[in-house]
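Order-wise, the sequence lines are chains L and Z. Heads up: the first sequence begins at 0 in numbering that gives the first Met the number 0, then just goes up one per residue. Heads up: the second sequence begins at 0 in numbering that gives the first Met the number 0, then just goes up one per residue.
Hints are computed from structural coordinates only; laboratory data are not their basis. Being a predicted model, the structure only gives us computed values, none of them experimental. All C-beta atoms, glycine included, are put in the ideal place defined by N, C-alpha and C. Be aware that a few hints might be false.
[What the hints assert, rightly or not] If you want a taste of the chain Z side facing chain L, the calculated C-beta under 10 Å gives, among others:
1) Asn53
2) Tyr129
3) Asn230
4) Glu394
5) Ile399
6) Gly404
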Amino acid sequence: MIRYVIKRILTIIPMLVVVMFIIYGIMELTPGEPARLILGTNASQEAVDQKTIELGYDKPFLVRYVNYVIHAFTGDFGTSWQTGRPVFQEVLIRFPTTIKLAAFAMVLAVCIGIPLGILSAVKQYSVFDAVGTTLAMVMASVPSFWLAMMLIILFAVKLHLLPSFGTGSFAHYILPAISMSFAEIAVLLRFTRTTMVEAIRQDYVRTARAKGQKESTVVFGHALPNALLPVVTVTGTEFCGMLGGVVTIETVFSINGCGMLIYNSILKKDIPMVTGSAIFLTTSVMLMMVVIDIIYAFIDPRIKARYAGTAKGGK
Amino acid sequence: MKVKKLLALALSAAMALSMTVMPAAPVSASAPKEMMTIGTPAITDSFNFFNTTNGYETFSMSQVYDLLVQKNENSEYIPALADSWEIDESAQKFTFNLNPNAKWSTGDPVTSEDVAFSMEQLKASDFVSYIYAPLLDSVECPDEHTVIINLTKPSVSFMEYLANPYYSSILSKKAYEEMGDSYGTSVDTIVGSGPYKVTEWNVGESLTFEANPDYYRDAPAISKVKMVVMNDSNGAMMALQTGEIDAYFDDVPGVSRGTIEGSDQISIYDWTSTILFCVFFNTQNGMFSDVNMRKAVAMSMNKDDYIIVGNEGFGTPADYPGDRGDIGDPELHGIYDENYATNLDEAKKLVEEAGHAGEEVVIKTYSTDPYPALATVLQNSLSQIGLNARVEQIERATFIDTVLGKGDFDIQICRWAAATEDMDEIIYGSLHTDSIGSPGNWSFYQPTPEMDKLITDAAGEVDPAARKDLYKQVIENYINDMVYVSIYYPTSSRAYSSALQITDGLQKYDYFANYSWK
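So here's chain L without its partners, still in its complex pose (with noise of 0.2 Å):
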């Protein structure tokens, strides 16, 4: 197990050389003088050029990403030009806000999406069912902002009942929370469901149900843990894609999270900042789906098999 622990987070680094090389690249490609830019179209040429240098922007793309390569793997991800502050301290500020929202819009997911994804597998083609997957369409296709800004009129303005803007405390991410999990709720939903009607139907749930063991027993003990699998995969992959997601919910709730220093920076085109956050959410989801995969092989005894076999064999 620890081999293959070891094998999956090795596997991250060359994955991060190549990720560095793409984003450093496209970055490279946009066209726009970054000087021009950083100083604005009221100044100089000599200005401009005096900053190009300044900038390390007179020397050749290869040199600079292997400058920035070797840098990075120090911890040094370059300094913003915007703020004039290390890119890697700023992203770090932010990253805490963005991670608790996500996580607290994925545990609301994965609270209502699961149970209502297996009501609806365990009652099949009943009311359950039908207002289930109703439900699931109607929440994948309300588009999160105008979510969020009808909830901040309802709560927020018409009730007083919570904040609009901001994290100062638990309740300012509730409704920032439950704007990013609608859509969360809706895939979970109808994956837990698609998993468990499989899972149901299988040979080794009708055995169970024919040793006359309970309904609960048969649903709960036998067809959930199976059907959970994938649904452990899927959960994961739509946390990773919340923490690139945030931007439009971080906007509306003036939340000064990562998405929001990555679209801010991309419209100063602060290449540092962009660079190095894209950077770090990316090693972020990386390491995020190596905990998934972990926690897959922990739960799925195949995995755990193959690899018990391999360490015996001593391969």
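Chain Z: place on chain L using the hints.
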């Protein structure tokens, strides 16, 4: 049994959630508070004025740093760091007498050396040197509280720059030199002489200010102010309604306007912005180097359509740059319509005579609102006069580099803003040879030497009537050459809690100190 346990757990969780939620509300929007909260699209990343972009960032700095002079609600100059001033007849020598009580937040006195140092820094600044470098000749400090600024050429509008927090700030020489690169990067490296000082700074999120106890004028009425970043203006309007913020330092979005205007808890103040939306032609190359083609476009446009599409109807049509009644405005109202009232037949005829009928025209514009919509209206106008127009939306950075910087376009829609209210910045910036490719002269217009001279003479003309006459001639040339079409000025606005009071006219300066609780 298990179901009952689950139900109990769910109910407990719901109760816990409700208890967490309830203390956050309700919020009163009308009761005076200890702290005023201001929403703004951005706060500054650095308090080093000389090395920082001057956009929304200025709101953060202008509370802390003082100017030599300020403007009142009638746009007249009033004392700030300078108690009095004198401008010689040539409009080249400006003498300022500093307030002897003015102090830095370190306790040191504000001296003429600080002013001289700041002027030199402004001259060297990457962000404002384009104003000061060609204008500033020398700064003399005959004594600790007297400063004489000598200009390279006459400039009546120099006072406008000094009174404008986007262009000017006086910083402490001693603090700036001692702290070096760290100056303005944290709360304890900001040294100002203004009515407030920064006490807390959450980068990219909020700034907290407290009244400066050593301020040399009357203490501000509101002693504590928090400035929070609100990127979404519609979200800000909702926060204003809930009372979470007391004012928003940016325009009220058109979509929220009805709600805000209908609220008795929110006040709103409008004025005509200095921002000017324009259609710029490439006057050097391509089909629009022909003045008749430019005139044809001018005659094809209905400016009201652009205001509706671009600003939901909140704007004022422009005849020429600066016709908002700016200082030196010759007030030639109606001159645009006299020459270019919408006349599609005449416009079509001009296009045919120029031999461009049916030719393809690419309208370049930013990819962000409201430009694509404005470009579509222009596309319709051009199609109606026999041109095969299409719109090309370009990402901001590329647009700045290729279109505005290198002139790679035939026709484009853009906006530019003069930060001052003087015709000099507006006209020099958009029509003088020295400004080709700079903000304003994005038509790359090459005026005649006579036109250049008129503009330069007007800048230094101290007699208001004579100055207006010079600008009248400039505007007539602009209209005859149809250098670019001035479409409209959007309506600027500030919305704030009705529990606050401020003299009308002062809202546009965005100083906390101008506000007080009722």
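To see whether the hints hold, each was checked on the structure:
A hinted interface residue such as Asn53 of chain Z counts as satisfied when its beta carbon comes closer than 10 Å to some beta carbon of chain L; here the least separation is about 9 Å, so the hint holds. Contact between Tyr129 of chain Z and chain L, as hinted, is supported at the beta carbon level, the nearest pair being about 5 Å apart and thus within 10 Å. Proximity of Asn230 of chain Z to chain L holds as hinted, the smallest CB-CB distance being about 5 Å (cut-off 10 Å). The beta carbon of Glu394 of chain Z comes within 8 Å of a beta carbon in chain L, closer than 10 Å, and the hint placing it at the interface holds.
Restraint check, Ile399 of chain Z versus chain L: the minimum CB separation of about 6 Å is within 10 Å; hint holds. For Gly404 of chain Z, the interface hint holds, the least distance from its beta-carbon to any beta-carbon of chain L being 6 Å, beneath 10 Å.
The structure is consistent with each of the numbered hints, conforming to all of them.
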